[in-house]
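For the record, the sequence lines run as chains A and B. Heads up: the first sequence begins at 232 in the numbering used here, then just goes up one per residue. Heads up: the second sequence begins at 9 in the numbering used here, then just goes up one per residue.
It should be emphasised that the hints constitute simulated quantities derived from the structure, not laboratory data. The model shown is predicted, which means the values in this text are computed figures rather than measured ones. Mixed in with the good hints, there may be bad ones.
Unchecked claim - Computed list of lysine-lysine pairs in BS3-like fashion (alpha-carbon distance at most 27 Å, straight line): (1) LYS500(A) with LYS404(A); (2) LYS16(B) with LYS404(A); (3) LYS16(B) with LYS395(A); (4) LYS16(B) with LYS422(A); (5) LYS444(A) with LYS394(A); (6) LYS395(A) with LYS446(A); (7) LYS394(A) with LYS93(B).
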Amino acid sequence: MNKRTDEIRDDELRVIGQSSKSNSCSKLLKKYWFVAVLAIILVIATIIILPHTSHNESVQEVFDPSASLVPCEEVSEPIQLLGDYSDTSGVAYTEHLQHTINDIPLDIYIPHNAVASLSIGTPDIKDKSIIFVTQAADIRADNGKINGAFVLAGEPMAWGLSKKGFVSIIDNKIIVGVADNSPLFEEATEKGGYFFRQYALVNNGVLVENEPKNKSIRKAICDRGGEIIIVMSQNPESFHDFAQALVDFRVDNAVYLVGSDSYGFYRDKYDHFVQICEKRRGGYKYENYIEWKVSR
Amino acid sequence: MKHIIISKSTELLRVPVDYMMYVSSDGNYSNIITLDGRSRLVCLQLGQVEDIIAEQLGDNGGNFLRLGRSLIINTNYIYLVDVAKQQLILSDCKGSWHELTASREVLIKLKTYIESLKLTGNE
Chain A
232 MNKRTDEIRD DELRVIGQSS KSNSCSKLLK KYWFVAVLAI ILVIATIIIL PHTSHNESVQ
292 EVFDPSASLV PCEEVSEPIQ LLGDYSDTSG VAYTEHLQHT INDIPLDIYI PHNAVASLSI
352 GTPDIKDKSI IFVTQAADIR ADNGKINGAF VLAGEPMAWG LSKKGFVSII DNKIIVGVAD
412 NSPLFEEATE KGGYFFRQYA LVNNGVLVEN EPKNKSIRKA ICDRGGEIII VMSQNPESFH
472 DFAQALVDFR VDNAVYLVGS DSYGFYRDKY DHFVQICEKR RGGYKYENYI EWKVSR
Chain B
9 MKHIIISKST ELLRVPVDYM MYVSSDGNYS NIITLDGRSR LVCLQLGQVE DIIAEQLGDN
69 GGNFLRLGRS LIINTNYIYL VDVAKQQLIL SDCKGSWHEL TASREVLIKL KTYIESLKLT
129 GNE
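Just chain B, same shape as in the assembly (with noise of 0.2 Å):
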């Protein structure tokens, strides 16, 4: 199972790929969404933390796609993009449930995305 690795000088973080649902912008900082409902907040803005998908996932960081400034999420679990609502919510389909909200031109961008993944069947 693959991990990212986020470590700091006094803490590491290991969170499995697959369990990673989204990481949200909190100002300078960024707040890790796992499966599990739980939230980590680390001290990464959410750039350096796209930057530590990219290097640690390389081509297979491909799931997680970074929406405007606020958002990082894993495609795996897109379950609604609702651009008249400016909606976006992620599901494992189980119990794992996030409302978010994204600008209504990023969420047309997802949709187009995500279509093309199916056409292309690279889903």
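Chain A extracted, bound-state conformation (with noise of 0.2 Å):
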């Protein structure tokens, strides 16, 4: 279906429906085509296949010894949770973690007690409700807007799709996720919610390979294991390596953020303030930012 779209230039004009039954005829021919394949390769398959059962017909027995070697599939070690859940007293900070993982060192943040958002302009360091900041979407080059779709509390501000990661935050839910069209948009403009597109890293555990090749601090907001964490390399890092290394700490989904020395801070247990990074000087309009504050 999306071939479609592809197929019509700005200058040509189509009417709707006319082609649909040659397409369906072929559609019709390609199905039979591929239904006349299927039953070639089954009768080779089975030509081939049914002379070897006839000799491996002997029961496997319960302490047949062969059993174990049949491979069975790597049963994985529940994943624990980083962060430190022990305090009960309902404080918001943010919790600051360091991990090496294949030689790459991170800094993890895990934003404790504080509902998320989105927020366009520079946040207000004096805002003491705010525990943790970071850049979210990148900037467009050419016009200094936001690039790809972004919802801001259900306004939507940006549309379009140039990265495939995306940030729901809806209901005072964090969803991380990987799509090429996300009802998740539309949710967010209906419930106030909120929405931006990124870099994908990892989906489903998979990393996800991105065209630029350049080294360059690294930053993501993971699901891992359902626990919402911001990552960041503390040296240069490619893509590649530090989605690898997301992989390899088990993350369920991660998208990219702002990363080389894009603008953040946090608020820790003892409400020290904390710069990530420095705020640059002048900045773009539509600069915005995934915030943890103070739930009220």
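Each chain sits in its own coordinate frame; assemble them with the hints.
Here it is, written out as structure tokens:
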């Protein structure tokens, strides 16, 4: 279906529905070709496999030692939560951890007792309700606007798909995912939620390759066994190495955040203000952030 | 009354065919504009909306034209094709009025197409 979108130029006109008959005929033809090929493959496979199965019909016994040689699916240990959830005081803060995966030192930030949202414009460092903030979606170099679909408190601010990764925040629930089309964009607009797009790094535990090959400080928002964490490389890394580290760290889904020397800060358990990176002068009008604030 | 039905995992949109004025592309999404002036954003590329119209209306989909990469229009509401100004106005002559822009080439083709309908009496 997507293919047809590209099959029209801007100077072309097409009457919808007129080619549907010929299309359906060709589809039917394709379908039968597929069935015919499948039938031939099945017949050949039957001829090859049948003689062998007659020799292998011996019943496997319960204590047959060969049974232990049957490869079984690797059972992985359940993921342990990274954060410390023992504090029940309800005070909002950001926990900062450090891990090294594949010789890549990582900073890990876990906001506690706070609610995530997006904002446009530099967050106020004096606002003590903000306990973690970092830049979210990229800015287009050609017009200074947000790159990819972006919803701010239910209001669509930008549209388009340039990157397949997305983050939605709806009813205070964060979803990190990868999709061409996501109904969460619409849901965010309907429910006063938030949505942005970025490079996908990990999709269901599988590394997603990305075009840029340079090295830089990398940041990502990750869903690791249901725990939302922000991971930042301490040294410049390639997209591939950073994403591989996240995969090996058993992250389920990860979406990139503006990296390099992008602005960010957090407040720790002792209410210390820590700047992850200093704010550059100037900046763009639509510079946007994902921030965690004290829930009210 | 015939309807175009766009069904997604959590949503179903049902628009009467005669009330669908045009569909515009918005990156990876599409905006469906109805006669009452309302706009509905759907998580489908314009090509996918085109396929749905073709599939659900078949030959009757001929009232809808795909103009370039960014528009699907209902020909019933073509009010003005101005090639020089690259302007296309859709209207029901009652209150619904939409000024659109399209490439010069596609507007020439649209004008020729509408003229041919008039000559063959298909309109």
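Hint check:
Straight-line distance between C-alpha atoms of LYS500(A) and LYS404(A) comes to about 23 Å, which keeps the hinted pair within the 27 Å bound. With a C-alpha separation of about 21 Å, the suggested pair LYS16(B) and LYS404(A) falls inside the 27 Å cut-off, and the hint holds. The suggested pairing of LYS16(B) with LYS395(A) holds, with an alpha-carbon distance near 19 Å, which does not exceed 27 Å. A distance of roughly 17 Å separates the Cα atoms of LYS16(B) and LYS422(A); the hinted pair therefore holds under the 27 Å criterion.
Pair hint LYS444(A) plus LYS394(A) holds up; C-alpha atoms about 16 Å apart against a cutoff of 27 Å. Between LYS395(A) and LYS446(A) the alpha-carbon distance is near 21 Å, which keeps this suggested pair within the 27 Å criterion. For a cut-off of 27 Å, the pair hint linking LYS394(A) to LYS93(B) is broken: about 35 Å separates their Cα positions.
Of the numbered hints stated above, the single one contradicted by the structure is hint 7.
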